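Fit chains B and C to the known structure of chain A by using the hints.
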Amino acid sequence: MAGLISRGFLGRRRPAEVENRLPPGQYLVTDFPVLSAGPTPHTPLERWSFTVEGLVGSPVTWSWEEFQKLPTQTYTVDISCVTKWTKLDTRWLGVSIDTLLKAVQVDPAGRYVMAYSDGGYTTNLPLEEMVNGQAFVAYQFDDKPLDPVHGGPARLVVPHLYFWKSAKWIRGLRFMERNQPGFWESLGYHIHGDPWKEERYSGD
Amino acid sequence: MDRDEPDMNTALMVDGNAVAGQLEQIFGRDMTMTIARCAGCARDAQLGALMAFIRGPGVVLRCPACQNAIARIVETPSAIYLEARGAAYLRMTPQG
Amino acid sequence: MVQPVLEWQAGRVTAIRPETRQTKSFTFALPKWMAHRPGQHYDVRLTAPDGYQTQRSYSIASPPERLREIELTVERIPDGEVSPYLHDVLMQGDELEVRGPIGGYFVWDVRLGGPLLLVGGGSGVVPLMAMLRHRAAQHSTVPTRMLYSSRSAEDVIYHDELDGMAAASDGFEAFYTFTRQPPAGWTGYRRRIDAAMLAEVIKPFDKRARVYVCGPTLLVEAVANALVEMELPIEQIRTERFGPTGV
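Protein chains in written order, with numbering that gives the first Met the number 0: chain A, 0 to 203; chain B, 0 to 95; chain C, 0 to 246.
If we strip away everything but chain A, and leave its shape as in the complex, we get (with noise of 0.2 Å):
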C-alpha cells in the first residue's frame, strides 16, 4: 500500500541498542498499549473460574481462591503485538501451564488448547508450545494486580508468539485433536503466529 512520503514524518522507532530484540517489522514502545475486540467484561471474583477441558481425563475448574493457592512464579519478557509494537521486559507473576497440567490427564490425542475468554474471544495454541515454561496464565503486571483494560483478573500470557495468543479474560482451556483457528485465526491471521518468522497473516 503505498503512499506519499510524508515529510518530515519518522514513524516509529527501532533504536539501534535495542535492534536485536525486536522481531522484524516491530517498533519499540515503552507504554501499554490498549487493544481489545470488545468491552472489558466485569466479572466478579466470586463468579470466576478456570476450567482445563476437553481432551483430558476428567476436567478440572478453580475457583478465584483457589487459583491464588496455586504456585506461582515470576516472569520477565518481551512482548509483541502483530500491529507491530513491542514492549521489552514487561513483568509479570502468574501461574505456569506446567502447573495448571499437573491436574489433569491430557490424552494423547490431545495435541492443541483452544483457550477461551469472557466475552466470546478464543485463540488456538499447540501444547507443545504452553508447557515447559514457555505460558502462564498472569494476573499480576508490574507488581500489581492485572488491570481489567489489560486482561484482568487474569489473562494468557505466551511471550514467544505474537500477543494476540496471549488471551485477555481467560476461563480455561479446552483440549482438542486438531489446531482449529479461533477469533483472528479464522479471519485472516497466521494459525501460528512466530514474531521472529513475521507469521502475521495465513500466508505467510
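Simulated from the structure, these hints should not be mistaken for lab results. A quick note: this is a predicted structure, and the numbers were derived from the prediction, not measured. Treat the hints with care, since some could be wrong.
[Unchecked claim] Output of the computed footprint for chain A on chain C, the stretches with three or more beta carbons under 8 Å from beta carbons of chain A:
#, segment
1, 40-47
2, 92-100
3, 111-119
Don't be surprised by glycine CBs; every beta carbon is placed ideally from N, CA and C.
Chains B and C in isolation, oriented as in the chain A frame:
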C-alpha cells in the same frame, strides 16, 4: 487519568463512523446508514451507531444493545476479510 | 447516482491557524475536492520513509459552501502519533494524503430541518461547527441550540465565532459548561453534561429535537443514554464517538 473515567477500554471504543472509510472501500458506497439486524438479540442499528473496537488486529463491530459481535474486518497486505455472521441481515437503500 | 470511488489524494496545506492552546485548524487545497455534507470527515494518512503508515480520521470543520478546500481542526494529543506531527512538523506548502468525504450517518444539512440540538465535548465540537457554519452560510433560521462541554474557557474552540453566531439572533443559542475551570464570574453550567442539564437545554424543543452528539466516548454514551431515558425517539439521535480524551 480522571477518577471518573471508569474504563480505558470503554473510552477507547468508538463507533461505526470510525470505519466508514474502510467500509466504503469494501462496499463501494457509504455504509454508515445501512441497518444491521443483530443475529443475537434481533435489534436493528445503523452501522454508524454500532460499537467499534478498532485498535486490535482487526475491527470488531458490536451490537450496542447486547454487545454481540455483528461483524469483523481484517486487512492484510493481500486481502480484506469481512465476516458478518453476527448480522441476521444488512438492509440498505437501493442506489443507482 | 453513482458515487465516485473513494481514493487518496494529496491535499496541500494552505493555512495553519491556532485555535486554542491544544488545537489548530489546517486548511487543505484539494485537487479533487467534492462538496461534503456537514458532519462528514476525511481520513488522513502518513507514510514514513521506511514505508510505515498510520492513519486517522478528522471531522471537516468547514462548510461545503467553502469550495475546493477543507479545513480540519485537530486537537494535539500528547502521546499521539499523528496529531503531534500535524501540530509540530507540518508546514504551509506541505502535502498530506487524505481520503474523503466519508460518512452518511452523522450528517446534517438545512434540508433536514430542526429543531436542532448539537451536543459536543472537546474536539467533538468540530463536526458540529461544520453544521453551524453551513447553517449560517445558508441563512437558515432553523431553531438550533448547542451545548458545548470544555475543560475551561481557554479550551473553547471557535469561541468568538460562536459568540458572533449567537449574537446574530437567527434562532441559534449556545450553552457552555466547564468541567475544570470555569471563567471568572461564570454563572452558567460548571459540571459534566448530565440528564438534568440536557433536560433544561432541550426543553423548548422537547421530543421534536434532532440531536447530534459528538466527543469523547464516555460523554457520548452518557448523553445518548440520558436522551433515550427522556424518551427522545432513537431515530432522532445521531452519535459520533471520538474515543478517549478527557473533558
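Here is how each hint holds up against the structure:
Closer than 8 Å: that is the beta-carbon criterion, and the segment 40-47 of chain C has 4 residues meeting it against chain A, so the requirement of 3 holds. Interface restraint, the segment 92-100 of chain C with chain A: holds (4 residues with C-beta to C-beta distance below 8 Å; minimum three). As drawn, the segment 111-119 of chain C meets chain A at 0 residues by the rule of a beta-carbon pair under 8 Å; below three, the given contact is violated.
Violated hints amount to a single one, hint 3; each of the other numbered hints is respected by the structure.
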